[in-house]
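Protein chains in written order, with my numbering: chain A, 1 to 238; chain B, 1001 to 1466; chain C, 2001 to 2226.
By construction, these hints were calculated from the structure, which means they are not laboratory data.
Take these hints with a grain of salt, some might be off.
Stated by the list, open to error - Under the rule of at most 20 Å between Cα atoms (straight-line distance), these lysine to aspartate or glutamate pairs were calculated in the EDC-like manner:
#1 C:Lys-2091 with C:Glu-2061
#2 B:Lys-1444 with A:Glu-190
#3 B:Lys-1464 with A:Glu-37
#4 A:Lys-146 with A:Glu-166
#5 C:Lys-2189 with B:Asp-1437
#6 C:Lys-2016 with B:Glu-1298
#7 B:Lys-1035 with C:Glu-2061
#8 C:Lys-2064 with B:Glu-1298
#9 A:Lys-165 with B:Glu-1286
#10 B:Lys-1040 with A:Glu-168
#11 A:Lys-180 with B:Asp-1437
#12 C:Lys-2219 with C:Glu-2005
#13 C:Lys-2040 with B:Asp-1051
#14 C:Lys-2040 with B:Glu-1038
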Amino acid sequence: MKITLFIPCFVDQFYPQTGLSLVRVLERLGHTVDYPEAQTCCGQPAFNSGYWDEARAVAERQIAVFHDAEIVVIASGSCGAMVKVFYPELFQGHPREAEARALAAKTFEFSDFLVNRLGVLDVGARFPGRATFHDGCHGLRELGLKNPPRQLLQHVRGLELVEMKEAETCCGFGGTFAVKFPMISTAMGEVKCASIAGTGADYVISNDSSCLMQIRGVLDRQGKSVKTLHLADVLAQT
Amino acid sequence: MNAHARTFNEAARQQTADLRQRAWIQTALSGYYAKRDEFKNRFQSWPAARDTAAAIKWEAVNHLDRYLDEFASRLEARGTSVFWAPDAQAARDYIVGVAREHQVRSIIKSKSMTAEEIHLNDALEQAGFEVVESDLGEYIVQLRHEPPYHLVFPAMHLTRQQISNLFHDRLGSAPTDNPEDLTMIARRVMRRKYCEADMGISGANFAIAETGMISITENEGNARLTTSLPKVHVAIVGIEKVLPRLSDLALFLPMLATAGAGQPITCYNTLYGGPRQPGEPDGPEEFHVVLLDNRRTELLADAEQREALHCIRCGACLNVCPIFKNVGGHSYGTTYQGPIGSVITPHLRGLQDWKHLSQASSLCGACTETCPVKINLHHHLLHNRRNAVRERPARFEKLIQTAFVFVMRRPRLYEWIGRFGRILQPLQRLVRGTLLDPLRAWTKTRSFPPVAEKSFRELWRERKKP
Amino acid sequence: MNNREIILGRIREALKIAAPHPALHDGTGTTTPLPASPQKWLPPVGGTLEEQIELFRRNAEDLKAEFRECTSANEAGQYLKKLALAGGWKKIGRHSGELTDPVARELGLPEVRTDGGYAVNDLESCDAGLTECEALVAQTGSVLVSAPSAGGRALSVLPPHHVVLARRNQMVPDLTAALQRVQEKFKDKFPSFLSFISGPSRTGDIERILVLGAHGPKKLTILLLP
Ligand code: SF4
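Work the whole structure out from these sequences, hints included.
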């Protein structure tokens, strides 16, 4: 299958290795991967701040970039939700509505794609260690992806998966919320990190780099050595 | 930033710094989660029950004129006075008028968020009437001159020691750290009040159109006493409380209890269809129902957010909200706290003044997931943000967003800015955490990741090179 | 224009724009069929009377109420004597009725009858309130009372111990059936008061710790007669 990658802007700039991990896993499974370089950002920062016209202007570009793609795989539950759930709403009654809906229909978050589209649970990964999984809210609630990441992790050789208390509670990132209300955002991050610490895990894994940025940020200030990893980075290890 | 937003920020800053209080709220709710799940699982299908409840409320709210008319007519047919209050002032004036007409000496009141909304107690006290809250939690916060902390658990922020001290100071009771003893102290005070009061004020959880009745849900029995003994009963009811049929309660009573309090059903679910009827031994001589609009019709006019009127005020969305749990109920500065409060307060009290509550959310959606009537709460927060910007964009933010669009529509420029960021970051590190740091809001409490040596697109290009 | 017309006018104006139906998140179509009754989704109830009585017993006991089957009014009266002795009852409140009359006679304590009206302080000083009911609800362990079946509004909530006398044929499977029963019985001549009582009065307002007897009865006893 020919897969077109949507690498969110902050993954592109801050976590490029995660993008490469994605490529590695998909190629290992025998697929061809393409990455159109004209892509930038899904538009979520503007959308979430209430600037829908601006968000639409950015989204329009991505819709055009991925117009001919067969399948789009995206490395983030949050940006995935933006495309799959919010593009249709953003373009409602707009000339591009049909195209937005078409892109939404063919876009998949990474774990969703592997498990629900390809039917793959075991990607042949090996990663020794004790890990806990944090549910990014958008992946979990907008896309309904409670199980796929866990199913994938359960098939990783050597990995011991432990559930944290309130895995589904938000880490406090929330995009611009994190800087508009830093005290609330940080408090939420602290609650999350306490849950993580409670598991005694060496790694906290998520399918959203933005959550991991928040969690890492708080862990660093707490002087905690738990490592943060994107799901793709774990699945890429053999 | 307006005054309300500043107050909210300051309160949130204080509350989030109070680790003890944050832990307290977390612990107070932990028993609730377990019980809620236990009783949800007893349903044959909780998701289907939610769908049905949402559909019933949709039907009621989208035919509100018909059902309200039916509700009022049936009540009137059996001797109830129904007053239609277009706004808070009208409702207050009417209720004060009833109290004056009967020359009441003392008023007993059971829990009503709608009464809180219109600041009824203040109005009655200013008119010279004594009002006593009979719900234990409400009584406690009334003694402290505080608003309720939570829609359903008004005094959940207080410890037994604080309550014991309060009762000691205000009622002269002996100190005790036994919750049962504390409850009995309030019980004794309240018993006297019930017997003396000549007017009882209550809210209502549901208004049944088919039979012309209000339904009150409670655990303590205080609402039942409030509505049984005094000779006048006034119920204040938001117009959105309507349910079409009596049989709808079979679904709503257990759902309200399960979602809101983690109970299979609350202790008393009582229906009132009029004043004392011929042949009945007791009950008030007069029954007044005050139907309150107070800008609910403005929310109704917003078709996109109309479903916010489906709310049955169960409080479940507060209980799961990480914002609520970290900033607490008083920080909001609103009658209705938590997600539902953030959604509806802009409609009830002005968007520009209250939009900050819609922004103070990570949009995690835990509220929407839990709401028994399936209100899409966190999406409505997004709608409020959009509407606020449409109405009046913030100048600086607008500038940033325009720049954002400019860059993100130009992949080359975007890439150059990334490279530029890589160069600038060492400079940012020099000023990290100071006022000069553009990332200060983040870096004050959290580390910030370095911009990668090479972006993904650069790595991709390298990878593709033969 | 009066207030009623003002508010109804605002509502009609607001409703001119239709809102999408909640069940249709994709925005297609305008109506969905509602299930005829929500009974299908609520906690399940057994079909036979015996199963329902058992379920009622479990639920009532979970709610901290006492439930007991008696073979006759006589036996019920005898049992109440024991309760009266243990609780030191000196006076009870009650209304006249087919079940309350013989049981109260057996009990033989001074009483305040609410039938034609009463003085609040008299009733307040009673140690127990004896009432009948409209129905018992197996699904929730609730007692449905009404003004005529429970001697008015206060008798079942003011005295510290509420005793309910019910007949086996008053057991209904669920809330739907209970509401249906009163609707059929009263048609549009409803009493002014109906209440589902589920266990003794309680509060969790102090540290979310359960305390019984907040304002209403601390004890609830339900006696099922043939
Ligand atoms: S919005 Fe939903 S969850 Fe929140 S109080 Fe209302 S009904 Fe309950």
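**OP:** Taking the numbered hints from earlier one at a time, note which ones the structure violates and give those numbers from smallest to largest.
**Re:** 1, 5, 8, 9, 12
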